[in-house]
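Residues per chain, in single letters:
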Amino acid sequence: SQQGEEDPQALSIQEGENATMNCSYKTSINNLQWYRQNSGRGLVHLILIRSNEREKHSGRLRVTLDTSKKSSSLLITASRAADTASYFCATGEYGNKLVFGAGTILRVKS
Amino acid sequence: DTAVSQTPKYLVTQMGNDKSIKCEQNLGHDTMYWYKQDSKKFLKIMFSYNNKELIINETVPNRFSPKSPDKAHLNLHINSLELGDSAVYFCASSQGGTVNTEAFFGQGTRLTVV
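These protein sequence lines map, in sequence, to chains Z and S. Quick note: the first sequence uses the numbering used here, first residue 1, plus one each step. Quick note: the second sequence uses the numbering used here, first residue 1, plus one each step.
Just chain Z, same shape as in the assembly (with noise of 0.2 Å):
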C-alpha cells in the first residue's frame, strides 16, 4: 500500500516562483527521501532528510520534516523551466525499502 498523500497533485507555477509540494505519511520512518521524475525516465535522488532532522538545505531546495505530524515539505526557490517534472516523497522504512507517494507533477512556465 502506498505510504500517503502529496500535496497537490499537480501544480503549474511562472519561472522565478517558488514551489512547495508537501507530503504526509503513515508510520514512523527512519528518512524521507525526496526523488525528481523527468517524463520517461528514472528517478533521480534529490535529497535526504533523516527523522532527527528538522530541515535541510541542497542548493535552491529546503526540505523539512515533521515527525509529529508525519509531513514533510520540499520548496524549490526560483524556479526555471528545467524543474518540470514529477517529485516524489518516500520514506526510508526499517526493512529496507523506499514506500513512494503518489507524486506531484511540477509544470514551470517560462
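If you're looking for bench data, these hints aren't it; they were derived computationally from the structure. Using N, Cα and C, we set each Cβ at its ideal position, and we do this for glycine too. Just so you know, not all the hints are guaranteed correct.
[Unchecked claim] Over 10 Å on every C-beta distance to chain Z, these chain S residues come out as not near it, computed from the model:
#, residue
1, K19
2, S20
3, N26
4, N51
5, F64
6, P69
7, D70
8, K71
9, H77
10, S80
11, L83
12, S86
13, Q107
[Stated by the list, open to error] Covered stretches of chain Z, going by a simulated chain S footprint (3 or more residues, C-beta under 8 Å):
#, region
14, 42-54
15, 97-105
Take the given structure of chain Z and dock chain S to it, following the hints.
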C-alpha cells in the same frame, strides 16, 4: 558511465510469453531492488537483494522471479505474462539499504503486454 543500467528500455510482448529484464550497477553497492511503476505513476517495491540474498519479496506473484548472479546484477524474469503486468519496471541500488541512504535508479523498462 551509467551507474544503474537496465535492458531493454522498451519491451512489447504477447500475453503468455516469458521475458527477462536485466540490471547492472557499477556503483559497488551491496543492495539492489526492483520497483514497479503503474499507469498512475504509483511506485512500489517488488524485491530487494542484499549481497545476492533476497531480503524483500513484497507479495509479488510467483510468475516474477528475480535472480542475482552477483551483487552487481539483479535480473527479473517474468513467466506467463498478463495484461496487468504492463508497467514501467525500475531497477535501483543503494549501499547499505534505503533505511539509511538514498537509492540510485535505472532509466526503467517499459513493458507492454498485448
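Evaluation of the provided hints:
| no. | hint | result |
| --- | --- | --- |
| 1 | K19 | holds, 20 Å |
| 2 | S20 | holds, 19 Å |
| 3 | N26 | holds, 15 Å |
| 4 | N51 | holds, 12 Å |
| 5 | F64 | holds, 16 Å |
| 6 | P69 | holds, 20 Å |
| 7 | D70 | holds, 19 Å |
| 8 | K71 | holds, 14 Å |
| 9 | H77 | holds, 21 Å |
| 10 | S80 | holds, 26 Å |
| 11 | L83 | holds, 22 Å |
| 12 | S86 | holds, 16 Å |
| 13 | Q107 | violated, 5 Å |
| 14 | 42-54 | holds (count 5) |
| 15 | 97-105 | holds (count 6) |
When held up to the earlier numbered hints, the structure conflicts with hint 13 and nothing else.
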